[in-house]
Amino acid sequence: MLNIKNIHTSINETKILNGLSLEISPGEVHAIMGPNGSGKSTLAKVLAGQDDCEVTEGEIQYKGENLLDLSIEERSREGIFVGFQYPVEIPGLNNSQFLRASINAKRKHKEEEEMSAVDFLKLARETIEKLEIPQTFLNRGVNEGFSGGEKKRNEIFQMTMLNPEIAILDETDSGLDIDALKIVAKGVNEFKSESKAIILITHYQRLLDYIEPDYVHVLSNGKIIESGDKSLAQRLEQTGYKDDGE
Amino acid sequence: MANESINKLIGDRYKYGFTTDVESESFPPGLNEDVITALSKKKKEPEFMLEWRLKAYKHWLTLEEPDWAHIGYPKIDYQDISYYSAPKSNEDKPQSLDEVDPKLLETYDKLGIPLHERARLAGVAVDAVFDSVSVATTFKKKLSEAGVIFCPFSEAVHKYPELIKKYLGTVVPQRDNFFTALNSAVFSDGSFVYIPKGVRCPMELSTYFRINAENTGQFERTLIIADEDSYVSYLEGCTAPMRDENQLHAAVVELVALKNAEIKYSTVQNWYPGDENGRGGIYNFVTKRGDCRGSNSKISWTQVETGSAITWKYPSCILRGDHSIGEFYSVAVTNNKQQADTGTKMIHIGKNTKSTIVSKGISAGAAQNAYRGLVRIMPQAKNSRNHTQCDSLLIGKDCGAHTFPYIEGKNSSSIIEHEATTSKISEDQLFYCKQRGIGEEDAVNMIVNGFCKEVFKKLPMEFAVEAEALLNVSLEGAVG
Ligand SMILES: Nc1ncnc2c1ncn2[C@@H]1O[C@H](COP(=O)(O)OP(=O)(O)OP(=O)(O)O)[C@@H](O)[C@H]1O
Ligand SMILES: [Mg+2]
Chain A
1 MLNIKNIHTS INETKILNGL SLEISPGEVH AIMGPNGSGK STLAKVLAGQ
51 DDCEVTEGEI QYKGENLLDL SIEERSREGI FVGFQYPVEI PGLNNSQFLR
101 ASINAKRKHK EEEEMSAVDF LKLARETIEK LEIPQTFLNR GVNEGFSGGE
151 KKRNEIFQMT MLNPEIAILD ETDSGLDIDA LKIVAKGVNE FKSESKAIIL
201 ITHYQRLLDY IEPDYVHVLS NGKIIESGDK SLAQRLEQTG YKDDGE
Chain B
1 MANESINKLI GDRYKYGFTT DVESESFPPG LNEDVITALS KKKKEPEFML
51 EWRLKAYKHW LTLEEPDWAH IGYPKIDYQD ISYYSAPKSN EDKPQSLDEV
101 DPKLLETYDK LGIPLHERAR LAGVAVDAVF DSVSVATTFK KKLSEAGVIF
151 CPFSEAVHKY PELIKKYLGT VVPQRDNFFT ALNSAVFSDG SFVYIPKGVR
201 CPMELSTYFR INAENTGQFE RTLIIADEDS YVSYLEGCTA PMRDENQLHA
251 AVVELVALKN AEIKYSTVQN WYPGDENGRG GIYNFVTKRG DCRGSNSKIS
301 WTQVETGSAI TWKYPSCILR GDHSIGEFYS VAVTNNKQQA DTGTKMIHIG
351 KNTKSTIVSK GISAGAAQNA YRGLVRIMPQ AKNSRNHTQC DSLLIGKDCG
401 AHTFPYIEGK NSSSIIEHEA TTSKISEDQL FYCKQRGIGE EDAVNMIVNG
451 FCKEVFKKLP MEFAVEAEAL LNVSLEGAVG
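Line by line, the protein sequences give chains A and B. Under my numbering, read the first sequence as residues 1 to 246, first letter to last. Under my numbering, read the second sequence as residues 1 to 480, first letter to last.
With the rest of the complex left out, here is chain B (with noise of 0.2 Å):
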C-alpha cells in the first residue's frame, strides 16, 4: 500500500480526536498540599477526604516511578501537569439535564453517547464525565427505585460517607504503587456504584469518561459495591482530542463482591493513540482490582484496549471468598509507536477457587504488546484452578508481543494451566484473500475478528458491535 494511502487512513482513524470550546476553570499546573487542599475544598469535601488526600500525597513523596513495564517514554514531570480542571458552566451542579450546558450534551452527542431523554441508549444508564467532573448522570430515578445507587464519587462522599470510609481504598490500598498514591492524593471525579442485597440492577451502568482540557491529567477513581446476593454489569468508555502532548491519566478502579454476588466490568479504552510518530496520546496508568470478598462471588474483567499512546494495566481479581470466580477476557491493540503492558493478577486465597485468562494481543506497525499475568495460589486455596490463554497476532514485521506470566502455585491439589501461541497475518494469507476478491483491510479486519471473536462474546451486547468497528478503525493501515 502506497505510505500515502497509510497516511490518509491514520489521519481518519481517530475521530474522536475534535476539542470541545467550552471556558473551564483549571489550577495552575504544579503539586503540593495547598493544591490538594483546594482541590478537595473546590469539590466541598468532608474532613475526612482531606485527611486521606494528604496522608496519600505524604506517602507518594517518597516514592519512585516504576521502571519494571515493558515500556518506554520520558520522565514525567509532575509539577508541570495540572490537577483540576472543569467547565464553568457546571460550576452551580445542574440538577437535571435541562440545565446541563449544550456544549457538552453535544460532545457527548458527537461521541455517540446520547445523553438526553430522547436519544439515549436503551437499557444503559450513563455517568459522563468530563475532565475532572462528572457533568451528568442519566436514568438516576428508574435506578433509585430498584434501590442502585449510581452517581458522581464527588456526590458519593457527600450522601453516603459511610458506604466511602467503609470501603475506599480497602481493594486498592493508597500505598499500592506510585500511581495509586497519586491518584488517591488528587483524584478528582468518576463513578460510585452500590447494588444492595439481592438486587439484581435492572440495566447496564456505564461510565464515559472524556479528557478535553489541554496539560491536565485525569485521576478519576471508581469504586464498585456489589453486597450479598446482587448482580450488576458495568462499562467504561474512554476518548481524548488529538494533541501533540501526552496527557497522563492514571485512574483507580475498586470492586468489591460479597457473598453470592457478581460484578461484570467492561472497558472499552479508546484515548487518543497518538499520531504514527508516536506523537502525543494518553499515558494510561490504571490500576484496577477486584476483591471477591464474599463466597461463591464472581469477577468479571473484560477489556478492549485499542487508545493511548502507553498502557499500563492490570484488572487483577483478589478471589478471597471460598468457591469465588475470576476472570480476565482482554484484547490488547497497538499500532504506529503505541506500547501496551497489560494483563491482570489472579490472586486465590479462598478454596475451590476458579480464575480463567483470556488475553489477545494484537500488534502492528511498530507497536510493542506485552502480556504481564501472574497466578497465584496460596497453601489455603486447596483444589483451586487457573487457565490461562495468551495469544498474540503480529501484522507486519517491525512489532513485537511479549508474555510475562508469573505462576506460584503453593499447595498440590490446584491445578494451573497456561496456553500460549503467537502467529501472524502473512502477505500469503492476504494475497488468498485478496485472489478471492477480499480486500486488504477487509482481511485483515476478518481474520482479527476471528482471533477476538471469545472475548467480544463477553462483551454486554450493545458493546460487542461497537468494539469490532473501533478494532477496525484502529487497525486501519496497519499493513504497509
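Pulled out of the complex, with its shape left as it was, chain A reads as follows (with noise of 0.2 Å):
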C-alpha cells in the first residue's frame, strides 16, 4: 500500500533523510524508534507532504500511485493521516466546525454525500465519549489551550472520525497519562483492520506492549539501521541506540 524507495529530503538544505526505504502492506503496524532529531518527525511531514521538505531523491508509491504527484490536501483525502508530535492550536476555529469540514472534504472528494450536522454531531458524541474525552471539547477552538495529553487525545479523535486508511502517529503517546494511553491504545487498536496500516513513532516499549507491532524499525541519521519484530524494542530498552547496529 505505501512503498517508501531510497528517499532523500533537506529542509532549507539541510539534509535530512539519507535513502530511506520501507514497505508497508495493509493489515500491517509498523513501529519506528530512534533518537531525538533522527528524521522521524520529518518522515511523517514528508508523507503528509509539507512544503518545507524537499524530496531531492527517490520515490514514494500509495496504493499504486506516485504520492509526490499529490498535494497535501489530497493525500489527506485518499486516506493518509497524520497525527502530530505537536498539534497546532488554531484559536477561535471551532474544533467541531472544523472536523465536519474535514470529513465533508474528504466525501466530497470521493464524490459522497456530505454529512449532515445531525449524523456529524451523532458520530461525534458517540465517539468522544468512547475515547473518555469530554463532549465541552467539541465547542472549543481547535487545540485551543488543550493541555499536552488533550491534544494527543483530541488527534486519536479526529483519526477515529475520518477513518482514514493509513495512520502515522508520531509520539502520539509522549505525555500521556497512564489511564490516558490505555485509552489512546484502545482507540488504535479499534481503528486497527485488515485493511488499514499504522505507522507508530515512539521512543517508549510501554506503547507497544498495548498496540503489537509486526515490524520495529530504527531509523538513525535519516535513514533505517535495523529492523525486527517487537523483540527489538525490547532490546533497545535495555541497551538503548548507542550500542546498537553500529
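Hints in this document: simulated from the structure, not taken from any laboratory. Nothing here was measured: the structure is a model prediction, and the numbers come from that model. Yeah, the Cβ is synthetic: ideal placement off N, Cα and C, and Gly gets one too. Please note that the accuracy of each hint is not assured.
Covered by chain B, per the in silico footprint, the following chain A stretches (three or more residues, Cβ under 8 Å) [claimed, not checked]:
| hint | region |
| --- | --- |
| 1 | 81 to 87 |
| 2 | 92 to 100 |
| 3 | 105 to 112 |
Take the two lone chains and join them into the complex the hints point to.
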C-alpha cells in the first residue's frame, strides 16, 4: 500500500533523510524508533507533503500511485492521516466545525454526499465518549488551550472520525498519563483492521505493550539501520541506541 | 500558491465591478459657489438649503485636509472632481417603479438588490441611490401606513423642511472636519428616516449606494431620527465599478435617538478596493455619528468594511441621555494595498451611560489596518462604563495592524476596560488544516469567520450570510 524507496530529503538545504526505504502493506503495524533528531517527524511530514521538506531523490508509491504528485489535501482525502507530535492550536476555529469540514472535504473528494450536521454530531458524541474525552471539547477552538495530553487524545479522536487508510502517529504516546495511554491504545486497536496500516513513531516500548507491532525499525541519521520484530524494541529498551546497529 | 492563481482569484474577486451604460448628466469638474448654486437649483431646493450649503463651502475654503490618520495617498485635486452626476432617465422623477429606467433596475438586480415587487428582499425596504440621486424606494406604502418616513434626502428637503431644519447638522456640525464641511456644501442625495413616537419600524430599512459615473465624487447625506420610544434597524450597502482612477466618497451620517429610542445601524461596505497593485479604488472618507439625545436611548453601529482603497471612518456615539447605550461592532478587512484607519468615539456625558466596542481588524497582503478609538467619560457622567475589545488578525508577513486607543476617564465612579490581541494565521495552522483535507482558502475562511463571529451575530439576519460570503471573497488569494 505504501512503498518508500530510497528517499532523500532536505529542509532548508540541510539533508535530513538519507536513503530511507520502507514498505508497508494493509493490516500491518510498523513501529519506528530512533534517537532525537534522527528524522522520524520529518518522515511523517514528508508523507503528509509539507512544503518545507523537499524530496531530492527517491520515490514514494501509495496505492499504486506516485504520492509525491499529490497535494497535501489530496493525500489526506486519499486516506493518509498524520497524528502530529506537536498539534498546532487554531484559536477561534471551532473543533467540531473544523472536523466536519474535514470529513466533508473527504466525502466530496470521493463524490459522496456530505455528512449532515445532525449525523456528524451524533457520530462525534459517540466517538468522543468512547475516548473518554469531555463533550465540551467539541465546542472549543481546535486544540485551543488543550493540555499536551489532551492534544494527543484529540488527534486520536480526529483519526477515528476521519477513518483513514493509513495512520502515522508521531509520538502520540508522549505526554499521556497511564490511563490516557490505555484509552489511546484502545482507540488505535479498534481502528486496526485487515485493510488499514499504522505507523507508530515512539520512544517507548510501553506503547508497544498495548499496540503490538508487526515490525520495529530503528531510524538513525535519516535512514533505517535495523529492522526486526517486537523483540527489537525490547532489546533497545535495555541497551539504548548507542550500542546498537553499529 | 502560484502567482498566476493568486492573480486569477483577485481578478475574479470583485464581482460588482461592472459599469452601467446609461446616459447621464454630469457637471463638469470643478467647485465654486456657482457650482453649488447650480446643484441646489438642479435639485429645486428651498432657499434655506442653498444658504446652508454656501455657508459650509465658505468654511471649507479655510480648512486643510487632515493628515493625522495612518494612511497615505496622493493629494486630491478637488477641482478635478465632478460634483453632480445623474442618469438622464431619472430627470422627470419617476413616480413608480414602472417608470424607472429598466437599465437601472437591471443594475440593482445584478448587485443582488432586486427592486421590483416580485423579487424584493422580504422584510427589507430599499432606497437605491445611483451616483448623485435616489432612483427608487421600495415598500413606501407599507411604511407610510406605520407613519414611518423613509425617502430620498432630496425629497425630504421639500416635504419635511421643518424636520430637516430642526435636525440637519445638529449631530455632525458643518465645521466638524474638512470632509463634513465639503459634504455639507455639495452633498447630493442619501436617505432620510423619521420614526414617530412609539413606533417600531415594521421592516428593515436599507439604502444601497452605487457609484457608476467616472470622475465623480459621491457625497451622500443620511439623517435618521428615532422619536421617543421608537425602534429602527437600518442597513447600508455600497459598491462601485472597477476603474483605474481613485474616486472620492465623502458621506455624512447623522443619527438622533430621543428618549427610550433605539437605532441599529449596519453597514456592509464593499466599494471597489483597487487592484492588487493598489491602482484605483474608492477613497472612503466618512463621518458617522449618533446622538443618544434622550435618556435610555440606544445607538448601535455594526460595520463590515471589506472594500475601498482607503477607509477613514469612525462611527461614534454621543451618550448625552442618562442611561443611554452606545455600541460599535466592527470587522474591517484589508487585502493587497488597501488601507483602513477606522474605529469609533464614545463620548459619555449622561449618568450611567454604557458603551461597548468590539473591533476585529484583518490584514492580508501588503495592507495596513489601524484601529483608532476614543473613549471619553466626562466628569458629570457618573457610574459610566466602557468595555473595549480590539483584536487583530494578520494573514501573511507583509501586512500590518496598529491600535491607537485614546482613553479619557474624568470621574472616579466610572470603569473603562480595554483588551487587545493580535494573532496570525501561521503556515503551521494551514498545514494542519490541509493535512485534514481542508483546502487553504477554506481554512482561511473558517479561521477568519470564527474570528469575526461576534460581530456577524449583530448584523440583521438577512445580511449576516452575505457579509460572511463577502469576507471570503475579499480574502481570496490572501495567502501566497
Ligand atoms: N525547519 C528546519 N530547519 C532546519 N532543520 C530542521 C528543520 N526541521 C527539522 N530539522 C532538523 O531535522 C532533524 C530531524 O528532525 P525530526 O523532527 O525529524 O527528528 P525526530 O526524529 O522526530 O526527533 P524527536 O525524537 O526529537 O522528535 C533535526 O536535526 C532537526 O533539527
Ligand atoms: Mg519527532
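How the hints compare with the structure:
1. Here's how the region 81 to 87 of chain A fares: 4 of its residues keep a CB closer than 8 Å to some CB of chain B, so the rule of at least three is met and the hint holds.
2. Counting residues of the region 92 to 100 of chain A whose C-beta sits closer than 8 Å to any C-beta of chain B gives 6, which meets the bar of three, so the coverage hint holds.
3. Only residues whose C-beta sits within less than 8 Å of a C-beta in chain B count toward coverage, and the region 105 to 112 of chain A has 3 of them, enough to reach three; the restraint holds.
Against the hints set out earlier in the document, no violation occurs for any number.
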